[in-house]
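What follows is the residue order along each chain.
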Amino acid sequence: MMPRVRSFKASAARALADTQLQTALARARGGFVDKRAKAVAALPEFEALRRRGREIKDHSLAHLDLYLERFEQAVTASGGEVHWAATPAEARDIVLGICRETGARRVTKGKSMVGEEIAINPALEAAGVEVVETDLGEYIIQLGQEPPSHIIAPAVHKTRGQIAELFRDHHPLDPQRSLESVASIVDEARAVLRERFLAADLGITGANFLIAETGSVVLVTNEGNGDLTACLPRTHLVLASIEKIVPTLEDASVLLRLLGRSATGQAATAYTSWYTGPKRPDDPDGPEYFHVVLLDNGRTNLLDGPFRDMLRCIRCGACINHCPVYGAVGGHAYGWIYPGPMGAVLTPLLLGLDEAAVLPEASTLCGRCEEVCPMGIPLPDLLRELRFRGFTARVTPRRSRLLVRAWASLVRRPWLYRLVTAIAARLLHLLGRSRGSLRRLPLGAGWTAARDLPAPAGRTFFAEQARREKTGP
Amino acid sequence: MSGARDNCLRRLRASLATADVRQRTTDVESWLRQARPGPLPALAAHPTETFCARAEASAAQLRRVATAVDLIAALQEILGATDKQRSLVVAPDERLRALPWPADLPVEHRHAGRDDRLCLSVAEAGIAETGSLVLLSGTQTPSGLNFLPDHFVCLLAADRVLAYPEDLWAELRARPGGLPRAVHLITGPSRTADVEQTMQLGAHGPRHLTILMSEAPASHQQAVRCTRG
Amino acid sequence: MPVALFVTCLADLFRPSVGLAGLKLLREAGCEVLAPRAQTCCGQPAYNNGDREAARAIGRQVIETFEAYEHVVVPSGSCAGMLHRHYPALFAEVAGWAERAEALAARTQELTAFLAERPKFAAKTRFETKATYQDSCSSLREMGVHGQPRWLLTSVEGLELVELADTASCCGFGGTFCVKLADISRRMVDDKVDAIEATGADTLLGGDLGCLLNIAGRLSRRGSAVRVFHIAEVLAGMADGAGIGEAPK
Numbered sequence: 023m024m025p026r027v028r029s030f031k032a033s034a035a036r037a038l039a040d041t042q043l044q045t046a047l048a049r050a051r052g053g054f055v056d057k058r059a060k061a062v063a064a065l066p067e068f069e070a071l072r073r074r075g076r077e078i079k080d081h082s083l084a085h086l087d088l089y090l091e092r093f094e095q096a097v098t099a100s101g102g103e104v105h106w107a108a109t110p111a112e113a114r115d116i117v118l119g120i121c122r123e124t125g126a127r128r129v130t131k132g133k134s135m136v137g138e139e140i141a142i143n144p145a146l147e148a149a150g151v152e153v154v155e156t157d158l159g160e161y162i163i164q165l166g167q168e169p170p171s172h173i174i175a176p177a178v179h180k181t182r183g184q185i186a187e188l189f190r191d192h193h194p195l196d197p198q199r200s201l202e203s204v205a206s207i208v209d210e211a212r213a214v215l216r217e218r219f220l221a222a223d224l225g226i227t228g229a230n231f232l233i234a235e236t237g238s239v240v241l242v243t244n245e246g247n248g249d250l251t252a253c254l255p256r257t258h259l260v261l262a263s264i265e266k267i268v269p270t271l272e273d274a275s276v277l278l279r280l281l282g283r284s285a286t287g288q289a290a291t292a293y294t295s296w297y298t299g300p301k302r303p304d305d306p307d308g309p310e311y312f313h314v315v316l317l318d319n320g321r322t323n324l325l326d327g328p329f330r331d332m333l334r335c336i337r338c339g340a341c342i343n344h345c346p347v348y349g350a351v352g353g354h355a356y357g358w359i360y361p362g363p364m365g366a367v368l369t370p371l372l373l374g375l376d377e378a379a380v381l382p383e384a385s386t387l388c389g390r391c392e393e394v395c396p397m398g399i400p401l402p403d404l405l406r407e408l409r410f411r412g413f414t415a416r417v418t419p420r421r422s423r424l425l426v427r428a429w430a431s432l433v434r435r436p437w438l439y440r441l442v443t444a445i446a447a448r449l450l451h452l453l454g455r456s457r458g459s460l461r462r463l464p465l466g467a468g469w470t471a472a473r474d475l476p477a478p479a480g481r482t483f484f485a486e487q488a489r490r491e492k493t494g495p
Numbered sequence: 502m503s504g505a506r507d508n509c510l511r512r513l514r515a516s517l518a519t520a521d522v523r524q525r526t527t528d529v530e531s532w533l534r535q536a537r538p539g540p541l542p543a544l545a546a547h548p549t550e551t552f553c554a555r556a557e558a559s560a561a562q563l564r565r566v567a568t569a570v571d572l573i574a575a576l577q578e579i580l581g582a583t584d585k586q587r588s589l590v591v592a593p594d595e596r597l598r599a600l601p602w603p604a605d606l607p608v609e610h611r612h613a614g615r616d617d618r619l620c621l622s623v624a625e626a627g628i629a630e631t632g633s634l635v636l637l638s639g640t641q642t643p644s645g646l647n648f649l650p651d652h653f654v655c656l657l658a659a660d661r662v663l664a665y666p667e668d669l670w671a672e673l674r675a676r677p678g679g680l681p682r683a684v685h686l687i688t689g690p691s692r693t694a695d696v697e698q699t700m701q702l703g704a705h706g707p708r709h710l711t712i713l714m715s716e717a718p719a720s721h722q723q724a725v726r727c728t729r730g
Numbered sequence: 026m027p028v029a030l031f032v033t034c035l036a037d038l039f040r041p042s043v044g045l046a047g048l049k050l051l052r053e054a055g056c057e058v059l060a061p062r063a064q065t066c067c068g069q070p071a072y073n074n075g076d077r078e079a080a081r082a083i084g085r086q087v088i089e090t091f092e093a094y095e096h097v098v099v100p101s102g103s104c105a106g107m108l109h110r111h112y113p114a115l116f117a118e119v120a121g122w123a124e125r126a127e128a129l130a131a132r133t134q135e136l137t138a139f140l141a142e143r144p145k146f147a148a149k150t151r152f153e154t155k156a157t158y159q160d161s162c163s164s165l166r167e168m169g170v171h172g173q174p175r176w177l178l179t180s181v182e183g184l185e186l187v188e189l190a191d192t193a194s195c196c197g198f199g200g201t202f203c204v205k206l207a208d209i210s211r212r213m214v215d216d217k218v219d220a221i222e223a224t225g226a227d228t229l230l231g232g233d234l235g236c237l238l239n240i241a242g243r244l245s246r247r248g249s250a251v252r253v254f255h256i257a258e259v260l261a262g263m264a265d266g267a268g269i270g271e272a273p274k
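Going down the list, the sequences are from chains B, X and L. The first sequence begins at 23 in the numbering used here and counts up one residue at a time. The second sequence begins at 502 in the numbering used here and counts up one residue at a time. The third sequence begins at 26 in the numbering used here and counts up one residue at a time.
If you are wondering where the hints come from, they were derived from the structure by calculation, not from laboratory data. Careful, some of the hints might be misleading.
What the hints assert, rightly or not - Straight-line Cα separation of at most 35 Å, DSBU-like style, residue types lysine-lysine; simulated pairs:
(1) Lys155/L / Lys274/L
(2) Lys155/L / Lys492/B
(3) Lys57/B / Lys274/L
(4) Lys145/L / Lys274/L
(5) Lys149/L / Lys492/B
(6) Lys155/L / Lys60/B
(7) Lys31/B / Lys49/L
Claimed, not checked - Here are some, though not all, of the chain L residues that point toward chain B, as calculated from beta-carbon distances under 8 Å:
(8) Gly44
(9) Arg62
(10) Phe146
(11) Ala147
(12) His171
(13) Gly172
(14) Leu178
(15) Ile209
(16) Arg211
(17) Asp265
Just so we're clear, the structure is a prediction, and the values are computed from it rather than from any experiment. Heads up, the beta-carbon is just placed ideally off N, CA and C, and yes, glycines get one too.
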């Protein structure tokens with residue numbers, strides 16, 4: 023999708039006024055936050071798992087080249103093929119090439135954020151390949167021609183009514199049928215997508231983890247759509263970014279314990295599958311061809327520097343669910359595919375600060391994200407680092423840079439600061455004395471549009487101290 | 502595309518240049534060899550009990566079947582309750598073939614078809630920690646049976662309940678040929694909460710999952726005792 | 026060696042009674058305390074806006090002003106966090122300053138945390154009210170402050186404390202965030218005000234003036250009767266005057 027990050031503020035304002043969206047966000051937030059809290063409370067080993075998970079990821083990243091090579095060897099040994107793509111364009115070419123080679127015309131797709139990153143769907147469609155999303159949330163937004171608004175629950179912003187309308191518009195079924203209940207909607211999706219699963223000649227999935235030791239791809243779903251996509255067609259194509267590699271089966275099991283609980287409050291999702299290569303000689307079913315496309319897209323640049331920690335992300339969405347800014351505006355306002363705190367860090371890193379400098383600003387640095395991150399990613403510090411880069415590169419608004427500099431100049435001169443603050447205190451006190459606060463303030467509309475400004479007492483602390491020293495308390 | 506591969510690896514090695522490649526290779530070999538498990542959640546009860554509790558909590562139905570006759574009776578009951586399915590589709594597994602199928606119970610030993618509403622397969626193991634079934638791809642247990650029907654019934658021997666996935670990895674590593682093409686950990690029926698965050702069972706996979714836990718040992722050399730009544 | 030009070034720029038300008046209460050409380054705890062006159066601001070606005078150069082310049086000034094003292098006590102989780110958590114990071118690569126920043130960080134504490142550790146201290150005041158408490162994000166996550174203010178409030182006679190729902194969620198101040206992303210900030214503070222009103226409390230207390238000014242301003246705009254005080258004022262028996270944003274009596 024074309025990024026629309028620069029219009030964050032305008033999009034956020036629209037989102038705040040959208041009552042249906044607000045209802046959907048409130049419902050989702052309550053659900054995710056409570057479920058995670060319960061799951062974490064029920065697992066005494068959670069902190070120990072977090073520490074081990076962090077160790078595993080740090081070790082993997084520190085040896086990423088070697089593990090990628092091992093992974094490739096293991097996939098090849100099991101009969102699969104690994105492809106390397108530096109950029110989204112290269113990745114698209116590889117996927118289209120495989121479709122051409124295998125004569126694939128109908129593709130089913132499990133949820134893949136990397137797939138979104140490389141914008142694979144429009145490329146397939148332009149090449150005359152029919153592609154249908156099979157994760158129910160992704161299917162809904164595909165019908166609605168919109169991007170996902172959350173990395174785990176892509177259609178979280180949609181109401182039942184909106185979904186029913188999309189189904190009526192796109193499914194040629196009896197117009198009199200009822201689509202009132204959640205059950206009727208899900209049943210219809212099941213029937214419609216079942217046909218597509220069975221007709222597909224190529225299945226594209228993402229990967230929650232790649233296992234270097236065995237060349238396995240781990241897929242986590244609740245719906246089972248990932249497995250129907252991976253098992254039924256002749257070809258299984260996996261899209262994954264390079265930092266998804268972990269060394270061993272045991273390492274993946276540690277991270278899986280953290281992923282389910284952090285994302286949806288589940289100890290295990292309904293379906294967790296390990297896929298290793300195409301079908302074996304004695305397999306009655308399974309794909310004949312198994313391809314893994316490894317995407318870099320700027321991640322190698324992040325290894326060396328303050329942003330390496332971001333590569334620990336296991337895409338659980340906990341930070342998104344707990345972020346008050348995301349909770350207020352939803353995912354679309356972020357303008358690309360990664361919302362919330364992880365999006366506010368990753369989007370500028372992948373798209374550049376010129377495009378995305380506003381996102382690191384859209385945070386109070388409250389730190390709730392870091393608190394819930396199973397990988398202990400220091401998101402507020404990374405946001406500060408991005409702010410620093412934005413300030414230095416002068417991509418942040420000029421006015422705010424000047425104001426910050428002006429304040430800094432003032433506080434570095436205590437004698438001047440005392441003078442200016444004494445005057446300001448006096449003035450604001452006089453203006454606000456009758457009510458105790460000011461409704462309006464010249465140059466202060468940013469504050470007073472929504473709040474009164476409590477009026478100062480009249481003397482600053484230090485003016486009061488000076489007075490007491492002179493005259494006694 | 503070896504250009505992309507080499508470039509990627511080159512960039513990576515440049516970023517990770519601080520440590521010597523030989524040392525890092527040794528570290529990698531050592532880590533892979535050790536395959537150290539992480540902290541394991543303590544199980545409050547015996548694995549079999551824990552398995553049953555967690556499987557049921559995941560909305561799976563669980564029935565204990567002491568004998569082959571009980572097993573067949575349970576299957577007949579489920580088939581009787583299943584709409585639009587005349588015969589029981591059963592995985593072509595030797596252990597299932599060897600069951601004392603009565604003449605009046607139509608059984609097909611095959612891979613799942615698109616219209617099958619009820620299928621039976623046999624699990625390699627169970628995982629107590631999460632109440633999950635372990636199903637492996639293979640001649641005897643085609644994966645389609647796990648995902649296509651409306652109602653998936655799975656036989657699990659009680660002595661095949663492992664405490665943790667880590668126990669499974671240890672077993673699978675010891676096999677010649679290593680991991681099969683697919684290892685499925687299945688925990689309850691298919692579900693989604695994508696519509697208004699409301700949980701609904703039966704998204705794309707089975708709506709119902711029934712686990713028939715048999716007391717008989719798993720080894721297929723010991724055929725399930727047959728007591729025809 | 027005396028204890029130094031880091032007054033904070035917000036207290037200095039908007040609510041000097043917080044500084045005065047701080048001095049009083051520290052004396053009651055048996056400390057010799059003073060507020061060094063050379064102080065102005067901890068440098069957070071510069072730091073959080075990406076101006077590290079300015080933040081370091083301000084930081085050097087703060088370190089020089091305060092490093093001679095055995096303890097530096099701050100009636101604000103965010104300013105304490107700046108000195109305690111962020112100065113070491115800011116100065117980590119700066120020759121000659123890294124150790125000084127670490128040393129100052131080790132001696133900097135938030136006010137309620139400091140008081141809760143003093144065996145001599147017990148608030149001997151009375152404040153008849155039903156109150157709720159706002160934990161600032163920095164207090165919670167940077168300075169480990171949660172139980173201490175609540176424990177201190179148990180010794181205030183007549184004060185009934187009710188917990189705010191979801192106290193862990195941000196009030197929407199965030200320094201310059203509240204003016205730069207005013208729409209979103211308004212939503213966050215509205216959620217907070219709704220939660221406060223749901224407790225039925227007459228008074229809101231907290232340990233950070235940034236949060237308190239933000240919330241008091243919104244309470245006032247929404248015509249709420251809830252009164253707002255800094256916890257230091259209550260503990261020091263200085264909550265008999267106007268609350269934050271109230272007309273003077």
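Tell me if arginine 62/L is really an interface residue toward chain B, meaning its C-beta lies closer than 8 Å to one of theirs. holds (6 Å)
Given arginine 211/L was flagged as interface, is its beta-carbon under 8 Å from a beta-carbon of chain B? holds (4 Å)
With 8 Å as the cut and Cβ atoms as the points, is phenylalanine 146/L at the interface with chain B? Not OK, violated: phenylalanine 146/L not within 8 Å of chain B, min 21 Å.
With chain B as the partner, please determine if glycine 172/L meets the hint condition of a C-beta pair closer than 8 Å. violated (17 Å)
Return the status of the interface hint for glycine 44/L: holds when the least beta-carbon distance to chain B is below 8 Å, violated otherwise. holds (4 Å)
Are isoleucine 209/L and chain B close enough, Cβ to Cβ, to be under 8 Å, as the hint says? Where the cut-off is 8 Å and the nearest Cβ of chain B is about 5 Å from isoleucine 209/L, the hint holds.
Let's test the interface hint: is any C-beta of chain B closer than 8 Å to that of aspartate 265/L? Because about 14 Å separates aspartate 265/L from the closest Cβ in chain B, which is outside the 8 Å limit, the hint is violated.
Proposed proximity, lysine 60/B with lysine 155/L (alpha carbon, max 35 Å): The hint holds at about 30 Å.
Is it true that the CA of lysine 145/L sits at most 35 Å from the CA of lysine 274/L? holds (33 Å)
Hint check: is the beta carbon of histidine 171/L less than 8 Å from a beta carbon of chain B? Violated, because the Cβ-Cβ distance from histidine 171/L to chain B comes to roughly 12 Å (cut-off 8 Å).
If you draw a straight line from the CA of lysine 155/L to the CA of lysine 492/B, is it 35 Å or shorter? violated (39 Å)
Holds or violated: the hint that leucine 178/L contacts chain B, with Cβ atoms closer than 8 Å. Because about 22 Å separates leucine 178/L from the closest Cβ in chain B, which is outside the 8 Å limit, the hint is violated.
Checked against the numbered hints above, the structure breaks hints 2, 3, 7, 10, 11, 12, 13, 14, 17 and satisfies the rest.
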